[in-house]
Every structure is written in C-alpha cells, then in structure tokens.
Amino acid sequence: MANLAVRSLTVRNLTVHPLELVAVERFEGARVQRGGLLGNLTGAITGLLNATEFPGRETHPSGDATHSAAVAVTVGPFCAAETDVRPADPGREVLRLTFRSDDRRYTADVPSPSSRSAVMAKLDDGPRDLTAVYVPAAALLAVFSSAQLDAWMRELHDDWPLSLLSIPGTHNSPTCYTALPSVRCQAVGVPEQLRNGIRFLDVRLSANPDDDTLALVHSAFPISLTGTKYFADMLQDLYRFLDDNPGEALIMSLKREGTGKGTDGQMGKYLERGYVDKRRDRWWTEPSIPTLGQARGKIVVVRRFALDDDMRDACWDGRGWGIDAQQWPDNCEDGTGGNGRFRIQDFYEVSESQNIDKKIHYSHGQLERAAEQAFALAGMPDHRPDAETPPFFVNFLSASNFFNASCWPERIAAKVNPAVIEYLCVCHGEEGRGPQKLKIGSAGTGIVVTDWVGANDNWDLVRCIVGMNARLQLNN
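The numbering of the sequence shown is this note's numbering, which starts it at 24 and goes up by one.
Honestly, the hints are just simulated from the structure, not real lab data. A couple of the hints might just be wrong.
[Claimed, not checked] The calculated lysine-lysine pairs, modelled on DSBU-like cross-linking and capped at a C-alpha distance of 35 Å, are:
1. K278 to K438
2. K381 to K460
3. K301 to K252
4. K284 to K301
5. K278 to K252
6. K252 to K438
7. K252 to K284
8. K462 to K381
9. K438 to K145
10. K278 to K301
11. K438 to K462
12. K438 to K381
13. K292 to K278
14. K252 to K292
[Said to hold, decoys possible] If you anchor each label on the Cβ, the simulated ranges turn out as follows:
15. G363 to V94: 47 to 53 Å
16. N362 to D256: 31 to 37 Å
17. A174 to R296: 28 to 34 Å
All values derive from a computational prediction rather than experimental measurement. All C-beta atoms in this analysis are idealised placements derived from N, C-alpha and C, irrespective of residue type, glycine included.
Use the sequences and the hints to build the structure in full.
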C-alpha cells in the first residue's frame, strides 16, 4: 500500500465537490515545544503507559516561503490526482496548499503541525468544512467533508438503510476508567465519544435475579476500580445527546457478562420494563434494520442475548425484541451472525505482537467487503423495489491478551488504528486496491469498532470513517 519511492504528492478528493489545487508554498519547518515542561513530562509518561502518541513537539512553517508556485490540478469527487509537487521533507519542511472549490479558497499545511488531520482554513469564508489527512508513507493528502462530527448524520437522506452507512463505534464503550490491564479499552468517556462522531456503542451488562439494576462490566470485571458504574447513568448521557442532536441515531449492542447470577431472559425483561419503557420515544426495538429516518433520535437495540419465550412472543407480533444478534461467531475473520443480518470480523485472540499484522489484514478485508455492498434509493438508476436491505458489516479493530502487556488494548490500537487510517485514505473505495480485489459498490465501511480513539484528542480514524458517507450524498 505504501510506496517508499513516491516522488510527488497525490491529492485524493473524498468529497462530493470538485477541488482544484491552485497554489503551493514551501516553508522551512520549525520544531515548536507544545505545552510546559511539567505538562510534557506528564504527557510523555502517560503516552509511555498507554502506548498513545503524545505530541510534545509540533512542526510549524517558519518565516517566509522559500518557494511559491501557482498550479492547476483539478481533482473530481472521489478521484485522486498525482501532482508534480515534491512532498515536504519530513521534519524539515511544511507545504502550504491552497485549494479552490466553487470559487472559494481553502488552505492546509502538509503535514499539519502535529502530523494529524487539520480542518482547512477558509481564506474567504467558504461554505464548506473540509478535513485534510496526510499519509506520509504514500505522500498522499486525503480531503474529507468530515469536520463537523457532532451531527454528521444530518447531511444524509432519510431513506438510506442504517446498515449502509459508514459508522464509527467503540468496543466496550464505557471502559474509560482506571481499571485492570486489558479491561480499559477507551481513552475518553461516552459523552465525548458521541460529540466526536461515535454512533455505535458496545455495552456489556451484569444482571442479578430480582434486581433490575444493571452494572457496566467488561467480561467478569467491573469497568472501574473506584466504584461500580451503572447502565442507568450512561443512558442519561445518551438521552442528553439525542435531545441536543435529534437528527442523529445511535446503535447499541447489548450483551450479558460479569459475575451476576441473572439470566439472559431476566436481563431482557429488566431492560424493557426498567429502562426502555420509561423513554419509548428514544428507542428502536423492532427486530428489523431501520432506515436512517426511522432511527433518527433513537437508540437502536442490537441484542446479543437470548429472550425468554414469553417476552419474545409478546413483542412485535411474536418476532422478538431488538435486532437479534444472539447468534454471533467467535474469533472470526468473516463470520455471519443474527440470521444473516450481520457480517462480522472479530478476530481478537492476539497472542503475540507479531500477530497484529494478521489483525490488520483481516480489518482491511472486512472494509473491502463492506465497500462492495450496493443499494439504490427510489429515483436512482439502479433502484430495485424488491432489493434486500444489506446486512450490518461489523469490523472490530480491537484485540487483546491479558497476559502479554504488548497486546493490551491500547498497544494494539496504537498499531491497528493508524494502519486502518492509511488504508481508508489510500485504498478504500478504489477499484482493485483492496486485498481481495473486489468490486466497489456504495464504498461504505460498515460499522468500524475501535479501541482508544480520542487519545490526546486524536479523532482521525473517526473522521476517515465518517467521511466515507459523502458518496451517499451524490444522489440525495
């Protein structure tokens, strides 16, 4: 995928609008200390323990441009164009690129100061919010329309099946607290995840007989060493977010774990009567995949537990409660679950750090399979009224090994997440560029379930996933 012999910059436009690169300026790069000495020392220690990058220094353009040139490179929507521009010398130079879109100009420094994504500056108050993600190994700049993460679903047509969207998610979503190694999977809490684009939540609950109080757990362990955390409190965060952003939809995968002695059936009844029925307006419990319009303002239940017969028979004309994902293949590269409603990559038994390459390969393959799916709305050329709703493609980037510190969640994420960002920017949705050379359909990513996004405010992976929804706007 990466080409170490690349000698010129490539621009990939992943928006619905044509872009034209019109000017290039080259600056010497100056390394600037970020934060104070104490803050940098604390951050470096945190980064060492958590295997997440701490950007103690940033590269900024220094002085006047050493070279300036007018250029004319047009890049159509969802196209890539190789330029004659030499990439910046890493750590020594910064390129300032000026683009034009609908007679408005936008600029981005490449690489951005912290080598992460940057929202392009608007030189003349343009209407678009564009994100630039630079991949040094491929000398490629990907441009996304994913700057506004708090309410990204509002741009999409109501009639799209929820399963066709590119949806960022988190694995063991509420596990952001101080906890045992391999239990903590997230850098930040659920409210911050939602504000930054996460729309799929993976939640594990412990249930006890005759008590509808549900505790948040990860496997057999509590998610915090400083006191039990409860499902009810997390729901209040979700309700507040949906009250503020009624055009968004959340998907919640629910599974019973922990040391509680309650059964799946008891937990299902607790969920329905003790939680969902109190805010029926905020839940989708029908056992079918909704459209985005049907799901807006709601939490869509994906049920990874069994129902008692009486509850199943009493709900939705005997069809059950929630989207049935009780059947869930274990430790798989590409398994089928939920009676065909789910295609799942969840290879998680990584025994050695070298096996992370296998995990990355499986993740890329699942992204390609998701991109192959196609669906056309009424009025589009390929529309078929009898077309089946595509399944959810669920792609877990998470894996761990409790007994090997190099395979704890944050250390795996430190390798897997950047590899997936690079794949999305360089290859995803490009015919013949995936590992299996599959055809490209709607070019979505499916649900991509991550660990440790948002560490040090790095949301690049989420921006790349959300940005892939732009193709669905072409025919809105």
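Do the hints match the structure? See the list:
For the proposed pair K278 and K438, the alpha carbon gap of about 27 Å is at most 35 Å, so the pair holds. Pair hint K381 plus K460 holds up; C-alpha atoms about 18 Å apart against a cutoff of 35 Å. Between the alpha carbons of K301 and K252 the distance comes to roughly 20 Å, so the proposed pair stays at or under 35 Å and holds. This hinted pair checks out: K284 and K301 have alpha carbons roughly 25 Å apart, not beyond 35 Å.
With a C-alpha separation of about 16 Å, the suggested pairing of K278 with K252 holds against the 35 Å cut-off. A distance of roughly 29 Å separates the Cα atoms of K252 and K438; the hinted pair therefore holds under the 35 Å criterion. Distance check on the hinted pair: K252 and K284 sit about 18 Å apart at the alpha-carbon level, within 35 Å; holds. Distance hint between K462 and K381 is fulfilled; the C-alpha atoms sit about 23 Å from each other, no more than 35 Å.
Only pairs whose Cα atoms come within 35 Å are accepted, and K438 paired with K145 is accepted, the gap being roughly 33 Å. Under the criterion of a C-alpha separation no larger than 35 Å, the hint pairing K278 with K301 is consistent with the structure, at around 21 Å. Between K438 and K462, the direct Cα distance comes to roughly 28 Å. Compliance with the 35 Å bound is thereby established for this hinted pair. A hinted pair counts as satisfied when its Cα atoms are at most 35 Å apart, and K438 with K381 qualifies at roughly 12 Å.
Distance restraint check for K292 and K278: the Cα-Cα separation of roughly 14 Å lies within the 35 Å cut-off, and the hinted pair is therefore satisfied. Proximity of K252 to K292 is assessed by CA-CA distance (about 20 Å); at most 35 Å being required, the pair is judged to hold. For the pair G363 and V94, the beta carbons lie near 50 Å from each other, so the given range of 47 to 53 Å is met. Between N362 and D256 the beta carbon distance is about 33 Å. The supplied range of 31 to 37 Å therefore holds.
Checking the proposed 28 to 34 Å range against A174 and R296 shows it holds: the Cβ atoms sit about 32 Å from each other.
Checked against the numbered hints given earlier, this structure breaks none of them.
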